[in-house]
Structures are given as structure tokens and as C-alpha cells.
Amino acid sequence: MPPIPPPIRETKAWKELSPETAEKAIETVKSALPFLTPGTPIVHRTPHGLHVDVPVMYLSFAVDRLHYNPETGSPLPKGLPGAYSGEIDPAEVRDKAGEILKELRVLGAAEFRAENCWVVPVAWKSFIVLHVRVSADGNEIVPDYGLTEEVHRHGG
Numbered sequence: 001m002p003p004i005p006p007p008i009r010e011t012k013a014w015k016e017l018s019p020e021t022a023e024k025a026i027e028t029v030k031s032a033l034p035f036l037t038p039g040t041p042i043v044h045r046t047p048h049g050l051h052v053d054v055p056v057m058y059l060s061f062a063v064d065r066l067h068y069n070p071e072t073g074s075p076l077p078k079g080l081p082g083a084y085s086g087e088i089d090p091a092e093v094r095d096k097a098g099e100i101l102k103e104l105r106v107l108g109a110a111e112f113r114a115e116n117c118w119v120v121p122v123a124w125k126s127f128i129v130l131h132v133r134v135s136a137d138g139n140e141i142v143p144d145y146g147l148t149e150e151v152h153r154h155g156g
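Straight run, no breaks: the sequence shown in this note's numbering ends on number 156.
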């Protein structure tokens, strides 16, 4: 008997999308904000210097990474990872990131992605600093499993 190929994910959920499900996704992220915590900073050594990411944790899963500028003690906007020289104090970075997380606000729009989930932008002041993924029905936070694995590899 020939092998049976695995099924292809249906796009039925895409056909059921509406502004109401996007609003639900936005509200889900707003409800999750008080539960976001900073993980152990991940410092990457690059040819240009050190790059500092702070995993943003929801319960025990990472949902996104906050690009952090240790020179200013503030986050960088998405798409602008920095490179720095000098010493990085992970405890200080984590403490400052905790303060930053308290200042976040959810923007009132969502993007739908091909991986069958909403992406809700989260801002600090005028920077978009996080993209939080939410299930297509708008009910559940979708973890960043790759980042969660990276957090565990770095002892977080």
C-alpha cells in the first residue's frame, strides 16, 4: 500500500476573518500585557559589537524579543537591532526591561499572517517594539517557539 501524504492545512479560517476577530486579537493582547515579563537577556557577539535582546515572556513562553540599547537604557524599534561595545550587566538590562514592559501599549490594528495567526503591534512611546501573535480566532496568544528554545539554551 502506498504511503498516505500528510494533509495540507486548510485556509478555511482565512475565509472567516473579520474586523471583529481582529478586535478580539487586539483585546487578547491587551489582556496579556500585565502578564508579560522580561526573560534573561540574550547577548549575541557580532563583528560590529554586542547585540542585546530581551525575550518577552508570557507565562513560561517567549512571545517576542525586545531589541535593547544598553547605552540609552531604552528599547529599539523593531527592525533595528543595535551593536554596542563595552560590558553588559544582564541583571540591570532585565530590570530596565521590566520597567519598559510596564509602559507598553497595544496599537489598535492587527495584521494577518500566512501562518494562520494575527500579529498585533505593541508600542513603547512612538516605537513599535513587539509583534505579538494571536490565534486566527483571536482567543489565544501564540508563543514564539524558536525564541522559547533559544531562551532555554541560554539558561532562561
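Calculated from the structure, these hints are not laboratory results.
Take the hints with a grain of salt, since some may be wrong.
Unchecked claim - Here are the in silico distance ranges between beta carbons for each label pair: (1) Thr72 - Ala114: 33 to 39 Å; (2) Thr72 - Ala109: 35 to 41 Å; (3) Ala83 - Ile4: 48 to 54 Å; (4) Ser126 - Asp89: 50 to 56 Å; (5) Glu149 - Asn69: 24 to 30 Å; (6) Phe112 - Ala83: 28 to 34 Å; (7) Glu149 - Asp95: 21 to 27 Å; (8) Asn116 - His48: 47 to 53 Å; (9) Ile88 - Ser31: 29 to 35 Å; (10) Gly146 - Met1: 19 to 25 Å; (11) Glu92 - Glu140: 16 to 22 Å; (12) Glu140 - Asn69: 28 to 34 Å.
As the list claims (entries may be wrong) - Here are the simulated DSS-like pairs of lysine-lysine, each with C-alpha atoms no more than 25 Å apart in a straight line: (13) Lys30 - Lys78; (14) Lys125 - Lys30; (15) Lys96 - Lys24; (16) Lys125 - Lys96; (17) Lys30 - Lys102; (18) Lys102 - Lys24; (19) Lys96 - Lys30; (20) Lys78 - Lys102; (21) Lys96 - Lys78; (22) Lys78 - Lys24; (23) Lys125 - Lys24; (24) Lys102 - Lys125.
Glycine included, each C-beta is placed from N, C-alpha and C at the ideal position.
Each hint tested on the structure:
Taken as a hint, the range 33 to 39 Å holds for the pair Thr72 and Ala114, whose Cβ atoms sit roughly 35 Å apart. Between Thr72 and Ala109, the C-beta spacing of about 28 Å breaks the proposed range 35 to 41 Å. Against the hinted window of 48 to 54 Å, the Cβ-Cβ separation of Ala83 and Ile4 comes to about 49 Å, which satisfies the hint. The given range of 50 to 56 Å is broken by Ser126 and Asp89, whose C-beta atoms sit roughly 27 Å from each other.
Checked against the hint of 24 to 30 Å, the pair Glu149 and Asn69 passes, with Cβ atoms roughly 25 Å apart. Taking 28 to 34 Å as the suggested C-beta distance range, the pair Phe112 and Ala83 conforms, at roughly 33 Å. A hinted range of 21 to 27 Å for the beta carbons of Glu149 and Asp95 is consistent with their spacing of about 25 Å. Distance hint check for Asn116 and His48: the Cβ-Cβ separation is about 36 Å, which falls outside the suggested range of 47 to 53 Å.
One distance hint, 29 to 35 Å for the beta-carbon pair Ile88 and Ser31, holds here, with the actual separation near 33 Å. For Gly146 and Met1, the hinted distance range of 19 to 25 Å is not satisfied, since their beta carbons lie about 36 Å from each other. A C-beta distance of roughly 33 Å is found between Glu92 and Glu140, which places it outside the suggested range of 16 to 22 Å. Take Glu140 and Asn69: their Cβ atoms lie about 32 Å apart, and the range 28 to 34 Å holds.
A threshold of 25 Å between alpha carbons decides the hint, and for Lys30 with Lys78 the separation of about 19 Å falls inside it, so the pair holds. Under the criterion of a C-alpha separation no larger than 25 Å, the hint pairing Lys125 with Lys30 is consistent with the structure, at around 16 Å. For a cut-off of 25 Å, the pair hint linking Lys96 to Lys24 is broken: about 30 Å separates their Cα positions. Proposed proximity of Lys125 and Lys96 is supported: the alpha carbons are some 15 Å apart, at most 25 Å.
With a C-alpha separation of about 12 Å, the suggested pairing of Lys30 with Lys102 holds against the 25 Å cut-off. With a C-alpha separation of about 22 Å, the suggested pair Lys102 and Lys24 falls inside the 25 Å cut-off, and the hint holds. Between Lys96 and Lys30 the alpha-carbon distance is near 21 Å, which keeps this suggested pair within the 25 Å criterion. For the proposed pair Lys78 and Lys102, the alpha carbon gap of about 18 Å is at most 25 Å, so the pair holds.
Our distance criterion of 25 Å between C-alpha atoms is met by Lys96 and Lys78, whose separation comes to about 18 Å. For the suggested pair Lys78 and Lys24, the alpha carbons sit about 23 Å apart, so the restraint of at most 25 Å is met. As the CA atoms of Lys125 and Lys24 are separated by approximately 23 Å, the hinted pair is consistent with the 25 Å bound. The straight-line distance between the Cα atoms of Lys102 and Lys125 is roughly 12 Å, inside the 25 Å bound, and the hint therefore holds.
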